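K.L.:
Keeping their order, the protein sequence lines are chains P and V. For reference, each letter of the first sequence is one residue, going 1 to 173 in our numbering. For reference, each letter of the second sequence is one residue, going 174 to 680 in our numbering.
Hints were generated in silico from the structure; no laboratory data involved. It cannot be assumed that every hint is accurate.
[What the hints assert, rightly or not] Computed cross-link-like contacts, BS3-like style, restricted to lysine-lysine with a CA-CA straight-line distance of at most 27 Å:
# : chain 1 : residue 1 : chain 2 : residue 2
1 : V       : 455       : V       : 483
2 : V       : 455       : V       : 374
3 : V       : 217       : P       : 145
4 : P       : 114       : V       : 339
5 : V       : 217       : V       : 177
6 : V       : 378       : V       : 483
Given the structure is predicted, the values throughout are model-derived calculations rather than measurements.
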Amino acid sequence: MHYTLIANGREHVLEVAGRGPLACRLDGESFEAEAVEVAAGVYSLLMGGKSYRAYVARPIGRENPPGRAAETFTVQVDGVSYSITVQDPRRWSGGRGMATREGRQQVTAPMPGKVIRVLAQEGEAVGSGQGLVVVEAMKMQNEIKSRAAGTVRKVLVREGQAVAGGEILMLIE
Amino acid sequence: MFSKVLVANRGEIAVRVMRACREMGIRTVAVYSEADRACLHVLKAEEAYPIGPAPAAESYLRIDKILETARKAGAEAIHPGYGFLSENAELARACEQAGIVFIGPSAEAMEKMGSKTSARRLAERAGVPLVPGTTRALASPEEAQRVAASVGYPVMVKAAAGGGGKGLRLVRSADEMPAAFRDARSEAENAFGDSDVYIEKYLEKPRHIEIQILGDRHGHVIHLGERECSIQRRHQKVMEESPSPLLDEAMRQRMGEAAVKLAREAGYYNAGTMEFLVDAQKNFYFLEMNTRLQVEHPVTEAVTGLDLVKMQILVAAGEPLPLRQEEIQLRGAALECRIYAEDPGNNFFPCPGRITALEAPAGPGVRDDSGVYAGWTVPVEYDPLLSKLIAWGADRQEALRRMRRALDEYYIGGIQTNLSFFRRILCDPDFLEGRLDTGLIDRLLATSPSEDSKQDGRWKAAALAAVLFAARQEGRVEAGSGGVSLPTRWGRDGREQLLRRLPLPRK
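Full structure from sequences and hints, please.
P.N.:
Below, the structure written as structure tokens:
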């Protein structure tokens, strides 16, 4: 089976085949692995005599919509965390272009909270790293900053409004 | 000694206090809000009573409800933990009137030392050096500008009742003052119910070093050495250690003596901490006092071998301190990481949610003071502190390696935590060399994390595990073989194992 993975904005190809030990090839580099799922989402992997324990989970608050051809997981191996998006080999149609397009972004609330201040108005030009919205959660005021330069196309929240985690606050183009 | 103590707090600190009580043969009483019925401190206590709705102002901050619960349960003393009512003199006073012992300083000492402006006046009298600034609350932005001009920019605008980085603004020039003054006041009003702010000169690259003191009700005060708290983000401590890599025995003694002198001046008893700023020339300035137990108290416990909560209970019961200053010796080195439910990849935004899996580190020299368990949902209403992880070693080097090892063992599934961020700090050359200052984290965050995590076998293992997990979710078995060729059975067993573990978190 042939999988396309995205980690840190880069694409990788992992091929997995075989019975008994798995014959794997990651970005052209071959290796053998024996895998046991020792608990739900916990894998013991033996690779060339080296033992790894990998914990896999779906990150909460960043769920992928159902039916999408790609899903993102957080994987922790011996203390190192990776965010890996796995594209389903059976559904090639969608899923591509997971990386955010230049200059176009949806500004979302990273967690439930209350909008304290809206710092940019519709039509306003914003720079990369500029503060857009201040959301208060867990007694802390957090400024949500723009990831890229652009123009505010739409402001979807008012000051004082309660927002859910993942709710879109602003659209920037 | 008391036979029953009520812990007026929640989560990991409530659990920490209850552990000390249990070891002393004291029965424990928990209080909880509607959001916390399943919180670990309720499960660990011998008695537990509800005190109201989720907002702290209607539960954990309600002195009347806490006292009523203490009376009803027959508790002879109340331990406030830290945060919430721990530095509220009203609670100490109300306890006194109700004939219940407050495990902490007297209301008078708390008022004297708890207000930063009055503590500064006291320090002046005791001859303890101070950071230049005001010792009184400022009435207007114009007055703030006048004071700032006299001590010189940059300055800090600080809440008089402040703590935990709230109600705090750095002001670099006069035109930034009106906005900073207004924001600090409103944040102070929201967080502490007191909008008074004052000004202090801002020291560039300062180190934040504090002295733990302990006093009994017979006028005996000692210090337990220092804690280095320079690793901060947004003026919030993130990592602490003892001893400080900067201090030698002579400086430790000078700072310790200053702290003890100030505590005596205030008539202070029980546990407390004097915070100092230390500049590049190793001058130390008194900053403020925390009139309570601190989050970072375990590093002092690790190097002194004392249990500070037990000491607090002992002196609150009127016992004399069981040791003299000469008997205090620091052994080895200890570090503490504050494990928060927050996402370092997303500006450290709080990330409450359900903990799906939990593996806590163990082994020699490792202590995990946790308040969570697998299956529990971290509520949105409170501070997202999950656990304090402490590593002790014979020297700083061993403590560092142990902490790294413990962090590698730690797994918290389902929510984002700052565990990975600590691993980065523990690889930073400045940190490893002990060149610490309060700007270290900001400099570290300005660089992107190293990519070499892709170089070793861990990345291959991670990629393969992600694919196996995705394939199992799809109910596909052809991707695997060996253990993973039976994904449904393994999955079911694993889930059952997790379920069995639910009410009993691993410590």
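K.L.:
For the pair we were handed, residue 455 of chain V and residue 483 of chain V, check the Cα-Cα distance against 27 Å.
P.N.:
Between residue 455 of chain V and residue 483 of chain V the Cα gap is close to 34 Å, so the pair fails against 27 Å, i.e. violated.
K.L.:
Does the structure keep residue 217 of chain V and residue 177 of chain V at a Cα separation of 27 Å or less?
P.N.:
Distance ~14 Å between residue 217 of chain V and residue 177 of chain V Cα, so the pair holds.
K.L.:
Regarding the pair residue 217 of chain V and residue 145 of chain P, is the alpha-carbon distance no greater than 27 Å?
P.N.:
Distance ~41 Å between residue 217 of chain V and residue 145 of chain P Cα, so the pair is violated.
K.L.:
Verify the proposed pairing of residue 378 of chain V with residue 483 of chain V, using a straight-line Cα cut of 27 Å.
P.N.:
violated, 36 Å
K.L.:
Does the structure keep residue 114 of chain P and residue 339 of chain V at a Cα separation of 27 Å or less?
P.N.:
holds, 17 Å
K.L.:
Would the hint linking residue 455 of chain V and residue 374 of chain V be met if the CA-CA limit is 27 Å?
P.N.:
Measuring from Cα to Cα gives roughly 17 Å; hence the hint holds.
Taken one by one, the earlier hints fail for this structure at numbers 1, 3 and 6, listed in ascending order.
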